[in-house]
Amino acid sequence: MAVNEAVKLRNNRLAQYYGMFTVGLIVFSLIMGALELGAGMPKAWIGWTFLMLTMGMYAFIGIMSRTKILDEYYVAGRNVPAVFNGMATGADWMSAASFISMAGTLYALGYDGLAYIMGWTGGYVLLALLFAPYIRKFGQYTIPDFVGARYGGRWPRLVAAICAIIVSLTYVTAQVVGVGIIMSRFIGVPYEWGVVIGLSGVLVCSFLGGMKAVTWTQVAQYIILIIAYMIPVTFLSLKLTGFPFPQLSYGQALQNITVLEKELKISSEAPARDGTGRIIQQGYVPAYNEGLSNAAAVTAINQINSYFGLNITPPKAQSIPDASKPADEIQTDWRGTPWNFLALTFCLMVGTAGLPHILIRFYTVPSVRESRLSVGWALFFIFLLYFTAPAYAAFARWEILQNVVGKEIKSLPEWTVNWSRLGLITQRDYTTLDGREIDKLPAWAAPQVRSGALVITDANGNGKIDLAGATFSETEVDGKKVGVFGELSGTAVTKTSTDGILQFGELNIDPDTIVLSTPEIAGLPYTVAALIAAGGLAAALSTADGLLVVISSAIAHDFYYRIINPKASMNTRIWLGKTMLVVAAVIAALLALPRLALIAQMVAWAFSMAASSFFPVVLLGIFWKRCNGPGAIAGMVGGLSVTLFYMYNNYLDPSFNVLGITHLAAGIFGMPINFLLCYIVSKLTAAPSQEIQDLVDHLRSPELDDELMTSIASGKQAAGAR
Amino acid sequence: MSDIETMSRQERINAYWKENNRLIAILLIIWFSVAYIPPLFVNQLNQISIAGFPLGYYFGSQFSLVVFVILIFYYAYAMNKLDAKYHLKDRDK
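Protein chains in written order, with the UniProt record's numbering: chain U, 1 to 722; chain G, 1 to 93.
The hints are simulated quantities; they were obtained by calculation from the structure and are not laboratory data. Some clues are possibly wrong.
Lysine to aspartate or glutamate pairs mimicking EDC-like chemistry, simulated, CA-CA at most 20 Å apart [unchecked claim]: (1) U:Lys625 / G:Glu19; (2) G:Lys85 / U:Asp697; (3) G:Lys18 / U:Asp694; (4) U:Lys410 / U:Glu506; (5) U:Lys625 / G:Glu11; (6) G:Lys81 / G:Glu5.
Let the hints inform the model, and build the full structure from the sequences given.
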């Protein structure tokens, strides 16, 4: 009873601390808002104050939780209550991409984007039912620990550790890129400085206190990010619909979108049919409009070439369907079918359940019972944000269709002007080129000049494009229609592209803009924008923290302690862990500096890779006693190879596809291969030792059985040498 | 449930495991039907609107998420009951 009393007391105290923190954050934001509106505090000051205060808070928690105890350093002392572990998992999970870019993806893809919403939440059901309680019962430090103990021997452990490092390193690099972008956009520091400042913030927490400090800062970071996410969209909903619950009111936005899209002829009144007679309905609400394209691969290769001075030939740009071809020549495509959507959802779900930085969070709760509950809380806290993201997207789409598309560029709302100055919104109407210097063309116009579709004749020789008083006319050259508009001419110059009105097709929006611009659309003060920046930073930093812990423990614990030197002292292990943390952070920063677009793509691939390598092996390890080491290795290698093969080929050439499934969902092919190989090879080779079978029994029942546990886990990898 | 008292340790673990698996299977069937059946009929479902939400879109953006959350909490609740039924103690520090 005394123990329970103590736990209760501690939980109450934690709730009090974080309650005070939440109230403090709200009061602070209100004060800043008042200072801005009342005293005219400059924007840069507001941005810096928010930044310093939140980073200072993380550092404070980090210093308070500094530790030299192994259990605290690696698994937060295994005494994090379910609710708090849920919040920490939420922050760990939701990265800069979820916070800043998710709504933008939904804005662009409409229904098709919901694959991400469902995939990244539905995976937690698998995690709760199939993994979390057993991982907790196993109760070691890392995921390679589990693979090593269950499959016996150092090879499975080594393979698992390498996988964990590769996945986490790409992931953490993406977070660092996110940190740099947020810092540079809101504080105005150069991108590189943003990376350095942000990373030092990460290190302050994780270096001193490992998982313990990371956990308690993540809870604070969750509170900041969820408040920052909810406030602007709530006000926007209030402004547009008169109702302060965006999650319930954006149905109205969807209705308006459908009506406006018909008016603007973005979606067709009658559904169009493709070459094979399937029905395609274009627009925001109708499903399955996405085609296939290798544009991302072409961009990525060009970027790598120009950054590293290489000369890799990019593949020929292709898209299916090819819009440049006449309607009756368009290739058969898979639009209008649900296969890619279903495959992507499935890969994201299964991949979610296999990510090491999420799995290790379930080592940190006090018991199996708490671990089950903890997944519930984790999903609940994640759900709050994912439930709201489609509202952001719908309101933004509504606003843009209503007040931006089809309007004269000169009279667009002010927020679009601000964001197009930063290059996040592109308006591809030629009238916007008036007065521009010819050698400083915007990114959309330069390739047109290179390809010859746009010709600039500087008639008065002032080095600028002059379009004042120009009128559009058309001539025919070699049977092709060529437009002339002032000093511009070429096949790309048409009546609609020179009319000074922004058509839907002329508007390009960076996914980040949707969340970032909401405060301005809703007419909120800059303080709210600074709060969003703090929230985005919290999302990126918390994910980076969790990932760095995984990388450092894979090296210090799995490689060094488990494989090279099992006699290492506790102090050496902690010291090495901390050193590896810094090394991993520095490597991530170096990888992030080129700012390659490929990094974000790699994060998406990580899900398919986790789905086709880790997931089946961990699952069978718990649910099928007969599964053995050779089976697991064959499964992982085979599954991953098939996935990588499909991914590589489809990425470069979209005509390589099965049922229109893209490289992002390549895991759908590798995963069954993994299961199959694992089954066949396990059946053909000897059953695992009695000891391992006992371990599986031990995992399956929450009953306390410490003796067996220690005998198996304490360096008896020797048993696996068989 | 007096026979649970007389079971051997191994029998108890096996019976507990069987019930656990049955529960997991049922919940996974619900999970699967909520996530993967509505997308097959999304354009038909979109013909119906509730509070402005086209039904097909609504299933993907809200309904399925709510079901996922409920499934996990229900599993935690049901497993606690199962632990008690089989007298399996849990480790609490």
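Hinted pair Lys625 of chain U and Glu11 of chain G, Cα distance within 20 Å: Roughly 16 Å between the alpha carbons, so the hint for Lys625 of chain U and Glu11 of chain G holds.
Taking only the CA atoms, is the gap from Lys85 of chain G to Asp697 of chain U under or equal to 20 Å? Roughly 18 Å between the alpha carbons, so the hint for Lys85 of chain G and Asp697 of chain U holds.
Are Lys81 of chain G and Glu5 of chain G close enough, with their CA atoms no more than 20 Å apart? holds, 16 Å
Between Lys18 of chain G and Asp694 of chain U, is the straight-line Cα distance small enough, at 20 Å or below? With a Cα-Cα distance of about 17 Å, the restraint between Lys18 of chain G and Asp694 of chain U holds, given a limit of 20 Å.
What's the verdict on Lys410 of chain U and Glu506 of chain U, does the C-alpha distance respect the 20 Å limit or exceed it? holds, 15 Å
Would the hint linking Lys625 of chain U and Glu19 of chain G be met if the CA-CA limit is 20 Å? holds, 17 Å
Going down the numbered hints, you'll see the structure goes against none, and every one checks out.
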